[in-house]
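Mind docking chain E on chain P? Use the hints.
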Amino acid sequence: MQLFLQQLVNGIVLGATYGLVALGYTMVYGIVQLINFAHGEIYMLGGFGALFTYTVLLPAGTPTGVALVLMLLGGMVVSITAAVVMERFAYRPLRGAPRLAPLITALGVSIFLQELVRNFYTAKSPRPFPQLIDPTYQVQLGGGVTISLPKLVTVTAAVLGMVALSSFVRKSRTGRAMQATAQDPDTARLMGIDTDRIIVTAFVLGAALAAISGLSNGLQFGQVDPRMGALTGVKAFTAAVLGGIGNISGAVLGGFILGIVEVMATQYAPSPLSGGAWAQAWGFVVLILVLVFRPYGLLGERVAARA
Amino acid sequence: MHTPRIARVAVPIIIGALALSACGNKKENGSSGGNKTLTIGVVAPLSGDLSAVGNGIKNGVDLAIKQANAAKTIKGVTLVMDAQDDTAKADVGAQVAAKLVAESSVVGVVGPLNSSVAKSVAPVMAQADLALISPSNSGVDLTGRDALAAGKTQVRPYKSYFRVCATDDIQGPFGADYAVKDLGKKKIAIVHDKKAYGQGLATAFAAQAKKDGATVLPTETINPGDKDFSALITKLKSESPDYLFYGGEYPEASLITKQMKAAGLNIPLAGGDGVDAADYIKIAGSAANGDYATALGAPTDKLDSAKQFLADYKAAGYSDPADPYGAAAFDAANAIIKALAKSYGEGKSGQALRDEIVKEVQDSDFAGVTGQISFDQFGDTNNKVLTVYKVENGAFVPAKTDSFK
Numbered sequence: 001m002q003l004f005l006q007q008l009v010n011g012i013v014l015g016a017t018y019g020l021v022a023l024g025y026t027m028v029y030g031i032v033q034l035i036n037f038a039h040g041e042i043y044m045l046g047g048f049g050a051l052f053t054y055t056v057l058l059p060a061g062t063p064t065g066v067a068l069v070l071m072l073l074g075g076m077v078v079s080i081t082a083a084v085v086m087e088r089f090a091y092r093p094l095r096g097a098p099r100l101a102p103l104i105t106a107l108g109v110s111i112f113l114q115e116l117v118r119n120f121y122t123a124k125s126p127r128p129f130p131q132l133i134d135p136t137y138q139v140q141l142g143g144g145v146t147i148s149l150p151k152l153v154t155v156t157a158a159v160l161g162m163v164a165l166s167s168f169v170r171k172s173r174t175g176r177a178m179q180a181t182a183q184d185p186d187t188a189r190l191m192g193i194d195t196d197r198i199i200v201t202a203f204v205l206g207a208a209l210a211a212i213s214g215l216s217n218g219l220q221f222g223q224v225d226p227r228m229g230a231l232t233g234v235k236a237f238t239a240a241v242l243g244g245i246g247n248i249s250g251a252v253l254g255g256f257i258l259g260i261v262e263v264m265a266t267q268y269a270p271s272p273l274s275g276g277a278w279a280q281a282w283g284f285v286v287l288i289l290v291l292v293f294r295p296y297g298l299l300g301e302r303v304a305a306r307a
Numbered sequence: 308m309h310t311p312r313i314a315r316v317a318v319p320i321i322i323g324a325l326a327l328s329a330c331g332n333k334k335e336n337g338s339s340g341g342n343k344t345l346t347i348g349v350v351a352p353l354s355g356d357l358s359a360v361g362n363g364i365k366n367g368v369d370l371a372i373k374q375a376n377a378a379k380t381i382k383g384v385t386l387v388m389d390a391q392d393d394t395a396k397a398d399v400g401a402q403v404a405a406k407l408v409a410e411s412s413v414v415g416v417v418g419p420l421n422s423s424v425a426k427s428v429a430p431v432m433a434q435a436d437l438a439l440i441s442p443s444n445s446g447v448d449l450t451g452r453d454a455l456a457a458g459k460t461q462v463r464p465y466k467s468y469f470r471v472c473a474t475d476d477i478q479g480p481f482g483a484d485y486a487v488k489d490l491g492k493k494k495i496a497i498v499h500d501k502k503a504y505g506q507g508l509a510t511a512f513a514a515q516a517k518k519d520g521a522t523v524l525p526t527e528t529i530n531p532g533d534k535d536f537s538a539l540i541t542k543l544k545s546e547s548p549d550y551l552f553y554g555g556e557y558p559e560a561s562l563i564t565k566q567m568k569a570a571g572l573n574i575p576l577a578g579g580d581g582v583d584a585a586d587y588i589k590i591a592g593s594a595a596n597g598d599y600a601t602a603l604g605a606p607t608d609k610l611d612s613a614k615q616f617l618a619d620y621k622a623a624g625y626s627d628p629a630d631p632y633g634a635a636a637f638d639a640a641n642a643i644i645k646a647l648a649k650s651y652g653e654g655k656s657g658q659a660l661r662d663e664i665v666k667e668v669q670d671s672d673f674a675g676v677t678g679q680i681s682f683d684q685f686g687d688t689n690n691k692v693l694t695v696y697k698v699e700n701g702a703f704v705p706a707k708t709d710s711f712k
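If you're matching them up, the sequences are chains P and E in order.
For the first sequence, position 99 (counting from the first letter as 1) is numbered 99 according to the working numbering, and the numbering increases by one without interruption.
For the second sequence, position 190 (counting from the first letter as 1) is numbered 497 according to the working numbering, and the numbering increases by one without interruption.
Just so you know, nobody snuck in bad clues.
Which chain P residues face chain E? A few, computed with CB under 7 Å, are given here:
no.	residue
1	Pro135
2	Thr136
3	Gly222
4	Thr266
5	Gly276
None of these hints come from the bench; they were simulated from the model.
A virtual CB, placed ideally from N, CA and C, is assigned to each residue, including glycine.
Pulled out of the complex, with its shape left as it was, chain E reads as follows:
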């Protein structure tokens, strides 16, 4: 049997190409131009549906590194960034995490975007005692907060994991306080999509709303991907609630609010940050007006501390927007850079340097773009700021920003 001609040509070319790309992947370590090079890793989705958000994180880190290099924050060290694409998938996250851990020049990592990815990245980082700071993970179990709701003592699962944002478990109660105390709602319908995020949010909301004295209707559920909610809405309408809280994300939420208002049930729909998306308004159209969404943090452009950051971000000419997590990523990168500046000054390197950086990050206390950056003993931020947004004339407008105690 003879090999077809195309195979005889193609096989060596492919092997050659693979070999070349393998060479290209090798990172330059050590010194360059008499300067030591150290790396800050980024794990975020850089391709796919979430790439715009992921690139915002990458750009925030890039900006922090450029500013540190320009200001020579760490003498004798040039910082570089190694951004890895986790494609928003947990298994890919674990792979790129292992890659970053194996690179001896990496001193800290910013990311990932998704809580689900963090659950596979954080153990790898904790094993190597490499600092990992997420700008956006809101999953409660990442810092052991899930134990609190169950009435147990909180135990930190990943010793090198930190986050600069608030968590889901306070988003629900925060939204409930706003609905009952600020808006004076009395009869609240609860719907969720059965996913960990949606159900957790809705359960926490319902509990707090009850505590605040509102009547909470029996929880309804839907399936992610459903389009026709007429049966659900007809049922809700017969119970005449004055507020609907939806635990889930915008694709279903936008359809629910639209169909609900078309059917003549004119009550606001409120949700968590899964609803706080421009596409929510795009799909729901004018039906979205008067709806609410809570989100972690404060709106970046409303913060005095963020003016300089936003100006610098704009000047750097990045193609993806800084929101929602660029500023938080900038703060996370700066926490690593500040920790590195202290520990590197003590002449440490290798694993000792990584250990020391985790300790210094734990002791962080500086004024960041998103607020004061400091961590509690579990790696959670002490700056638990949330914002309620209201849809007015086709845009989310901040209605109330407060810190949750």
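Next up, chain P with everything else stripped away, as it sits in the complex:
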């Protein structure tokens, strides 16, 4: 039982990372029907932005708490800038183009950003990341189940981020304008909503959440890697589809399910199909099953009605 609970905690931590990044995919898709494959790189830039803030901008001896907040802000500035520039120069000109064009562009942007960071930090990857929160400090959750401090911070930050986002979307003016644009962009524009601004807002919010995830990745694992966005991007996209792409709660749910399935598969899958190597395969088995029975994902909306 203790083993099971410990693995469940591991799965929730993993799922929180996926969920945070998945939110970016799902928001952008919900509004412009674009699968922004470069979103994984936005997450990576969040990690590198935080690293850059720490190594270049912060004076030595900055108190840990202050440093963490400033690193988060630095990471967000970098991710958000990249997302806004990307939206303005790569996607907006293709707004009316066939769907395949922005998709291919997204792949191009993804490769561009990866190589940009790799070359900026000259060759050798991954880069060591400062361990501001002691990863060996284990918080006891009772019954022998533990969670390391950076992981606890990650989960807390993820939950706070998700709650803030959902209340923003439901309650604020801009949030409701986002919902309107997602439902019908043309009518929304007729009602006086500046849809271009709403689309940028979706990119900005997604980037900010991805930056939280990028920073917490650095804190948990003590390194950031120009290629780290590729794998996490695919996982987060899977989580978004699993939960129903376009649906904000679905992205979070999908993230947790994917994380927990992967962890449980490592522990409990039968012998020839066990081990970490098969964990991803089990994740996709679950995805396929969900899509067979619920083609729009667990909490998916009927998006087919939209022309």
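Using the frame of chain P, we list chain E on its own:
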């Protein structure tokens, strides 16, 4: 439709530039200043992630050539180097290999760094009977050693291919002997990343550890690129092993050791030369202390035979370090130079010279920087030296150097 002005200007400039660079690429062959010029080729990654290691190889060859020219080892011949960048990719390796083969002045080639690249370079060289000596390839199949593990007779696949380093298949058993016999470990967990290198290493380690009498837990696997190993570690912890062998490379290994020790599983992680990297300690931090890595060869600065080489290397002022393969590349280049000295003396040239050099390299027997340089009938070195390194106070320290029989 009129051509935009920029195109009218740009097109001739680009064509002109291409034409000029094509001229620049042509190598000067034949005689210069009454002296015949012969070339030793280098195939190594000179750009990208592995460029520091690749340049170490290039510099080792450069140093050997400079010393041979200064000592006039081969009368009437000036040696030059033609270093080609394989970018650590097999397809690029095949292209630059073809380029070197086509150049008639090339008498031998040192490289490549990666076994995967060697698999596309060696056939091209073998076709032309041009000697190829690698300072670092550890892939077993390059000399047909994979047949041994399968219980078949070893057959040499590339007749002009040699290497001055030991191979992966003895790295695993060497590490297992050390863990079980020297450290007295009894319950060993095995993890690998499913890549040819990692899986081969882990399988060979597990087999030998079992033979030595240790209990080996069922093999676990991970995916290269994974960052969160908490599920794996929780599982391992429940099985309470006293040693973890990881077949793979440092990016994952450093995270595993760090997360493992943070989770309270305080056992050493051991790996092959893929783990023996400064970045392993940089990323893992203090968690790396007490971990082990095996590596091919002996530490260069611990060898008496290497003192002169390291001093010369330093004096030459190269910007990239000699380690890990500069000394081996120096030996490889010298094997070619010595073979050339013998065969050139017999008045041979052209293809006959290349044929003769391969024969002479096969018969090499001289004291090199990394040890006695001689080859068995398959092109493998007879000097199979390995070293176990232990991480102490944030640095890899040699724990045991031995030759494997």
